[in-house]
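Heads up: the sequence lines are chains Y and P, in that order. Numbering of the first sequence is given in the numbering used here, commencing with residue 390 and proceeding in unit increments. Numbering of the second sequence is given in the numbering used here, commencing with residue 390 and proceeding in unit increments.
Everything labelled a hint here was simulated from the structure, so no lab data went into it. Small disclaimer: the values here were computed from a predicted structure and weren't measured. Treat the hints with care, as some may be off.
Identical chains blur together in the list; that is why a pair holds if it fits in one copy or across any two.
Said to hold, decoys possible - Below 20 angstroms or equal to it, Euclidean Cα-Cα: the simulated EDC-like pairs (lysine to aspartate or glutamate) are:
(1) Lys566 - Glu649
(2) Lys421 - Asp603
(3) Lys607 - Glu454
(4) Lys656 - Asp591
(5) Lys609 - Glu454
(6) Lys532 - Glu435
(7) Lys609 - Glu413
(8) Lys564 - Asp630
(9) Lys607 - Asp455
(10) Lys690 - Glu594
(11) Lys532 - Glu469
(12) Lys690 - Glu427
(13) Lys678 - Asp422
(14) Lys489 - Glu626
(15) Lys657 - Glu413
(16) Lys564 - Asp422
(17) Lys532 - Glu711
(18) Lys410 - Asp569
(19) Lys421 - Glu600
(20) Lys489 - Asp422
(21) Lys476 - Glu649
(22) Lys656 - Glu435
(23) Lys678 - Asp512
(24) Lys640 - Asp563
(25) Lys566 - Glu626
(26) Lys421 - Asp611
(27) Lys489 - Glu689
(28) Lys532 - Glu641
(29) Lys476 - Asp455
(30) Lys690 - Asp630
Protein chains: 2
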Amino acid sequence: MRIIGIDIGGANTKIASADGKIIELHYIPLWKDTTLPESLENIAAELQPDMVSVVMTGELADCFEDKLQGIQFIMRSVEEAFDCEIKYIDSNGHFYDESKNLRDLAAANWAASTRLIGSEIGDCIFVDVGSTTSDIIPIKDGKHVAGLTDFSRLMRSELFYAGTLRTNLAYLLDKVKVADGNCNISSELFANTADAYLMLGDITEESYTCETADGAGKSKTDAMRRLARVVCADLEEISSDEIYNIALQVKERQIRLLCETISVVAKKNGLNCIVSAGLGEFMIREAAKRLGFECISVAEKWGADISKVFPAYAAARIMEDETSQPGKE
Amino acid sequence: MRIIGIDIGGANTKIASADGKIIELHYIPLWKDTTLPESLENIAAELQPDMVSVVMTGELADCFEDKLQGIQFIMRSVEEAFDCEIKYIDSNGHFYDESKNLRDLAAANWAASTRLIGSEIGDCIFVDVGSTTSDIIPIKDGKHVAGLTDFSRLMRSELFYAGTLRTNLAYLLDKVKVADGNCNISSELFANTADAYLMLGDITEESYTCETADGAGKSKTDAMRRLARVVCADLEEISSDEIYNIALQVKERQIRLLCETISVVAKKNGLNCIVSAGLGEFMIREAAKRLGFECISVAEKWGADISKVFPAYAAARIMEDETSQPGKE
Chain Y
390 MRIIGIDIGG ANTKIASADG KIIELHYIPL WKDTTLPESL ENIAAELQPD MVSVVMTGEL
450 ADCFEDKLQG IQFIMRSVEE AFDCEIKYID SNGHFYDESK NLRDLAAANW AASTRLIGSE
510 IGDCIFVDVG STTSDIIPIK DGKHVAGLTD FSRLMRSELF YAGTLRTNLA YLLDKVKVAD
570 GNCNISSELF ANTADAYLML GDITEESYTC ETADGAGKSK TDAMRRLARV VCADLEEISS
630 DEIYNIALQV KERQIRLLCE TISVVAKKNG LNCIVSAGLG EFMIREAAKR LGFECISVAE
690 KWGADISKVF PAYAAARIME DETSQPGKE
Chain P
390 MRIIGIDIGG ANTKIASADG KIIELHYIPL WKDTTLPESL ENIAAELQPD MVSVVMTGEL
450 ADCFEDKLQG IQFIMRSVEE AFDCEIKYID SNGHFYDESK NLRDLAAANW AASTRLIGSE
510 IGDCIFVDVG STTSDIIPIK DGKHVAGLTD FSRLMRSELF YAGTLRTNLA YLLDKVKVAD
570 GNCNISSELF ANTADAYLML GDITEESYTC ETADGAGKSK TDAMRRLARV VCADLEEISS
630 DEIYNIALQV KERQIRLLCE TISVVAKKNG LNCIVSAGLG EFMIREAAKR LGFECISVAE
690 KWGADISKVF PAYAAARIME DETSQPGKE
């Protein structure tokens, strides 16, 4: 019995099997001429699953007038691609049925993750720093106690809209230190966090799985050119050391903001143990250290590949558990 | 004798004749499949000028590896389009000749403006809030005393990289107040300043001369949809009042930052009179009021249309003056 979890985001679609043997990450942006329907058909043909468990966040993409339209587009794409049983997980971590509100499927991938973490590890703050966003979800008595929409989670510090790859540095930075002093920055999308973390060696070219801001390559020199533009400079005008320092300041700022958001959630819920997941686990570990919190790594427990697609893996695992123990939900 | 000034930016190309009778604004983004060469040919065929005076900022566009490559592309496009005499103005406000450094042509449109302001009005802080950026240029003894590159001007508070149309709200805002409290925001390009100022009635749909973030229309409802996404909400989740208040907070924040940058330049240079230009004159007037500074409006002196393309108009005027009084430079 092959059970596949699929996590359909605005930029990336992630696939994992319940046994952890299949792990795939596909860059499928939804916001322009999306290939989601065809890509899912290819995935269906190749993997031939018996059951599919779906979580999504891609309904927020601004090609959709509202979230309902996004949810319906994603569901239609899945249903046209897969011939087998399909289930969707909602923001309470449960399977959707037609008696429920379709909007509860919006932005619920973290709910799958926290249902699995709640049952396998227990109470903690589950922190998943992905390509684009950071989820900071309190788990108490084995269940998440987070807000049920992105809007609500933004207010409660349970969603910090910055990630390891796609975040515009103009969002994170205020001023940056360069050789001659503090410098204001450009508001264009000239460079993103992937450029900073590539420069610092925290990610590899292979994990830089999004478009570059300027459409150029993913070498360190390409990244340096982009980082220089953040202060409206080119490589003639700014030294490599200054550029490296800009990247360091990005990392420092992101970890500081991550610490702040985790602190809010920790205080409110009386929790001080973190479970870390996602491509940005390196930032979470550092944040936990600074906060003096224990940190259990999903990468260490299940492997780094599963950590990067954890909501998809969790979705598959939940379906497997429900299938072997029907009615448990 | 028809003298035309052209200001070639990364997003917009602006045209003005020295007599102020021709004013054109063309949205010609340089960063993707640019139509600049053909567009300039059309402009040349239509206007048939005798002389052309060029200023540029578009060399910073990230389709170019460095500024020199950008300058050369822009010069080539101009020279292939126009058959008449062509001159370029550098960051000192003077015409370029081959004994000089080509890089001095980078980001020099404000130098044309301040040369004209210096001779027609005198010492002041010239503030031009355009679609994308804000120039805050000190003029003393009739000449600008600003940094000569964007990088240098960012450090000296003479360039504030936010404008009336194209600025990502994620750059300007930190948190926003909504009905239930303070809310973190998304880092995506979900909405730009044009959405906020359209919502507030500070600009019209006709002056919204850039692409929308989601590719949808420019009605107030379209803008509201985009503004709602900044807190990851759709129109089902957030009220019109809350959206209007988000727009107000954008304006307040931008004016406050504009005040701060003007203050730095004012203190450093002992100046307290502002000359305002650009589509964002409404913000400059408010900033001047808060700072207790006199404000002379280019729109009032030369007309609102000239204010919006002032560097192009100034470039044409400088060429006219030089032609009628050769050697004056």
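Hints, one by one, checked against the model:
no. : hint            : result
1   : Lys566 - Glu649 : between (22 angstroms within a copy, 19 angstroms between copies)
2   : Lys421 - Asp603 : both (17 angstroms within a copy, 9 angstroms between copies)
3   : Lys607 - Glu454 : between (33 angstroms within a copy, 14 angstroms between copies)
4   : Lys656 - Asp591 : neither (30 angstroms within a copy, 42 angstroms between copies)
5   : Lys609 - Glu454 : between (38 angstroms within a copy, 14 angstroms between copies)
6   : Lys532 - Glu435 : neither (35 angstroms within a copy, 69 angstroms between copies)
7   : Lys609 - Glu413 : neither (25 angstroms within a copy, 41 angstroms between copies)
8   : Lys564 - Asp630 : within (17 angstroms within a copy, 32 angstroms between copies)
9   : Lys607 - Asp455 : between (34 angstroms within a copy, 17 angstroms between copies)
10  : Lys690 - Glu594 : neither (25 angstroms within a copy, 55 angstroms between copies)
11  : Lys532 - Glu469 : neither (33 angstroms within a copy, 67 angstroms between copies)
12  : Lys690 - Glu427 : neither (34 angstroms within a copy, 59 angstroms between copies)
13  : Lys678 - Asp422 : neither (43 angstroms within a copy, 47 angstroms between copies)
14  : Lys489 - Glu626 : between (58 angstroms within a copy, 18 angstroms between copies)
15  : Lys657 - Glu413 : neither (36 angstroms within a copy, 56 angstroms between copies)
16  : Lys564 - Asp422 : neither (36 angstroms within a copy, 32 angstroms between copies)
17  : Lys532 - Glu711 : within (17 angstroms within a copy, 76 angstroms between copies)
18  : Lys410 - Asp569 : neither (52 angstroms within a copy, 44 angstroms between copies)
19  : Lys421 - Glu600 : both (13 angstroms within a copy, 14 angstroms between copies)
20  : Lys489 - Asp422 : neither (31 angstroms within a copy, 46 angstroms between copies)
21  : Lys476 - Glu649 : neither (36 angstroms within a copy, 54 angstroms between copies)
22  : Lys656 - Glu435 : neither (46 angstroms within a copy, 67 angstroms between copies)
23  : Lys678 - Asp512 : within (19 angstroms within a copy, 55 angstroms between copies)
24  : Lys640 - Asp563 : both (13 angstroms within a copy, 18 angstroms between copies)
25  : Lys566 - Glu626 : within (15 angstroms within a copy, 40 angstroms between copies)
26  : Lys421 - Asp611 : between (25 angstroms within a copy, 18 angstroms between copies)
27  : Lys489 - Glu689 : neither (36 angstroms within a copy, 60 angstroms between copies)
28  : Lys532 - Glu641 : neither (32 angstroms within a copy, 41 angstroms between copies)
29  : Lys476 - Asp455 : neither (22 angstroms within a copy, 50 angstroms between copies)
30  : Lys690 - Asp630 : neither (37 angstroms within a copy, 47 angstroms between copies)
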